[in-house]
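So the sequence shown is numbered by this note's numbering: it starts at 258 and just counts up by one.
One thing to keep in mind: the hints can contain errors.
Mimicking DSS-like on lysine-lysine, the simulated pairs with C-alpha atoms at most 25 Å apart in a straight line are [to be verified]: (1) K360 x K267; (2) K327 x K379; (3) K557 x K473; (4) K338 x K279; (5) K279 x K327; (6) K327 x K338; (7) K491 x K473.
Simulated restraints on C-beta separations [to be verified]: (8) L427 x S288: 50 to 56 Å; (9) M522 x L345: 44 to 50 Å; (10) F461 x D390: 33 to 39 Å; (11) G620 x F461: 37 to 43 Å; (12) F527 x G620: 25 to 31 Å.
Keep in mind the hints are simulated off the structure, nothing from the lab. For glycine and all other residues, C-beta sits at the position ideal for the given N, C-alpha and C.
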Amino acid sequence: MDTVVDQVRKLAAAADEAGRKKLLDSLRDLSYAIETPYDTLQRFAGLHLQITVARIGVDLGIFDALNESKEPLSVATLAEKTGAAPELLGRILRALASYGQIKEASKDHFTSSSTTAVLADKGYQGGIHHFFDTVGPVLQQLPDFLAETQYADITQSDKTALQKAFNTELPGFIWFPNHPERFGYFQQLMTVQRAGAVNWLSVFPFQDELGDFQGKTVFVDIGGGFGHQSLSVKEAFPSIEGKIVLQDLPQTLEHVPPMDGIEVMPHNFFEPQVVKDAKFYYLRNVLHDWPDDKAVIILKNIIPALGPDSRILIDDMVLPNENVHWQATQTDLTMMAALGSKEPGILHCLFEGYFVTHHDRMGPAQDIFGQLWKEYAKSDSRYLASDSFVVSIEMITVFLWGPLCLYVAYLTTINHSLKHPLRVIICMAHLYGDTLYYATSLYDYYVNDISHSRPEVLYFWVYYFLMNFVWIVVPAYLLYNSVCLMSQAMERFNGEAGAKKTR
Numbered sequence: 258m259d260t261v262v263d264q265v266r267k268l269a270a271a272a273d274e275a276g277r278k279k280l281l282d283s284l285r286d287l288s289y290a291i292e293t294p295y296d297t298l299q300r301f302a303g304l305h306l307q308i309t310v311a312r313i314g315v316d317l318g319i320f321d322a323l324n325e326s327k328e329p330l331s332v333a334t335l336a337e338k339t340g341a342a343p344e345l346l347g348r349i350l351r352a353l354a355s356y357g358q359i360k361e362a363s364k365d366h367f368t369s370s371s372t373t374a375v376l377a378d379k380g381y382q383g384g385i386h387h388f389f390d391t392v393g394p395v396l397q398q399l400p401d402f403l404a405e406t407q408y409a410d411i412t413q414s415d416k417t418a419l420q421k422a423f424n425t426e427l428p429g430f431i432w433f434p435n436h437p438e439r440f441g442y443f444q445q446l447m448t449v450q451r452a453g454a455v456n457w458l459s460v461f462p463f464q465d466e467l468g469d470f471q472g473k474t475v476f477v478d479i480g481g482g483f484g485h486q487s488l489s490v491k492e493a494f495p496s497i498e499g500k501i502v503l504q505d506l507p508q509t510l511e512h513v514p515p516m517d518g519i520e521v522m523p524h525n526f527f528e529p530q531v532v533k534d535a536k537f538y539y540l541r542n543v544l545h546d547w548p549d550d551k552a553v554i555i556l557k558n559i560i561p562a563l564g565p566d567s568r569i570l571i572d573d574m575v576l577p578n579e580n581v582h583w584q585a586t587q588t589d590l591t592m593m594a595a596l597g598s599k600e601p602g603i604l605h606c607l608f609e610g611y612f613v614t615h616h617d618r619m620g621p622a623q624d625i626f627g628q629l630w631k632e633y634a635k636s637d638s639r640y641l642a643s644d645s646f647v648v649s650i651e652m653i654t655v656f657l658w659g660p661l662c663l664y665v666a667y668l669t670t671i672n673h674s675l676k677h678p679l680r681v682i683i684c685m686a687h688l689y690g691d692t693l694y695y696a697t698s699l700y701d702y703y704v705n706d707i708s709h710s711r712p713e714v715l716y717f718w719v720y721y722f723l724m725n726f727v728w729i730v731v732p733a734y735l736l737y738n739s740v741c742l743m744s745q746a747m748e749r750f751n752g753e754a755g756a757k758k759t760r
């Protein structure tokens, strides 16, 4: 067994971050696979107890004491340091050791483990308080809250399990700053949140994108908390010209220590951005805290401040559609329960809705949707020219066919017969719209000698032809299917009606 453990340690030491996480997940899955049913129950039973004893350990300063000591400490010594009763403290220490949070060196003597060093860090201690004091009560109320709301989607920040847990009508991010102790722990957590993750400055070409920018403000850290990302930029580019601005709510900024070269500015991102023409407007872990409609407002408040060279940088977590890592789902459900937010997915109607509302300023757009539309425009330049046909057809799609598709999807889930006639309408609309889309483009090409697409295979055959041809093939099949079923239903109805007349 020791040989196997040594091999695992060597694999972990040689692995990169992705490999380390994969190894960790594989070991977790193996652990689950060899559990007995009672082992599984005991694992679930102890989940809340683990963070409970960790919270007690933080409060008593146990992790600090063991981490600072080079030698194991006795229960008696720790009792003197903490003021706790020796017998009670011994039980707590043994529980901490059983969960790997500290080590039991010998009878009634304890020392630090790798986890002890983590829990002695003020940032992670803030995390223990935050998840126990604030998140814990919210998750405790989540099952009852979902049952009371008949398991409907949580989309409003003032109608979540947080309101039930803390008996408030305020949205979480209004309630939260009004509780300074809880908010302080959260801010401590933010100092280490996503620690170990790849630094965004190592993957984003900051200096190249900055170029010869001559504006007054280089970097606006929106909702930047204690300014760790602002500091990262300053440290990475110490000779940078132009201001670095940290923005957050006043109750957050009053706890921020002075930072050389960084301007601290109170700002609510639900109000219009006051710093104009900056190069980078940066949002890290901001949008996932809010429902989609609020996230849109946050982004819209930046748009009027953008200059011709401005960029919006979104540094956040995006969930894949399958095989989501447990850490990501943990964040997703916690945000949903407390704030009514969702980790964002690019929905078809939202994507086209962006074009409808931004078609006249697509050229300078630097956000993700703008970049995607400009990439697609290489297959049809009309999307960069506010062409009346494509704007009209997309507007009809967004405001009529999109919502109707969602309604038909709902009817399909409940197997309602109305889905078939509505599906016929939608499919005919898609077939007609796609036919016009191809026809107008081909007319311009053959009659007016105007080509809207670049000639490369990717742009013409993949983007222009194939991606749009799907909207002919699929609607044609669904149309055929619904027409056949409706025809069969009418035949049965006519047959039954004829039989009644005969009788």
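Structure-based check of each hint:
1. With a CA separation close to 22 Å, the supplied pair K360 and K267 stays within the 25 Å bound.
2. Restraint check for K327 and K379: satisfied, since their Cα atoms lie roughly 20 Å apart, inside the 25 Å limit.
3. A C-alpha spacing of about 22 Å is found between K557 and K473, which places the hinted pair at or below 25 Å, so the restraint holds.
4. Taking the CA atoms of K338 and K279, the gap is near 40 Å; set against the 25 Å cutoff, the hint is violated.
5. With a CA separation close to 33 Å, the supplied pair K279 and K327 exceeds the 25 Å bound.
6. A hinted pair counts as satisfied when its Cα atoms are at most 25 Å apart, and K327 with K338 qualifies at roughly 16 Å.
7. Proximity of K491 to K473 is assessed by CA-CA distance (about 15 Å); at most 25 Å being required, the pair is judged to hold.
8. Look at L427 against S288: about 41 Å separates their beta carbons, and that is not inside 50 to 56 Å.
9. For M522 and L345, the Cβ-Cβ distance of about 48 Å falls inside the hinted range of 44 to 50 Å, so the restraint holds.
10. A C-beta distance of roughly 35 Å is found between F461 and D390, which places it inside the suggested range of 33 to 39 Å.
11. Checking the proposed 37 to 43 Å range against G620 and F461 shows it is violated: the Cβ atoms sit about 22 Å from each other.
12. For the pair F527 and G620, the beta carbons lie near 28 Å from each other, so the given range of 25 to 31 Å is met.
The structure fails to meet hints 4, 5, 8, 11 from the earlier list, while all remaining hints are met.
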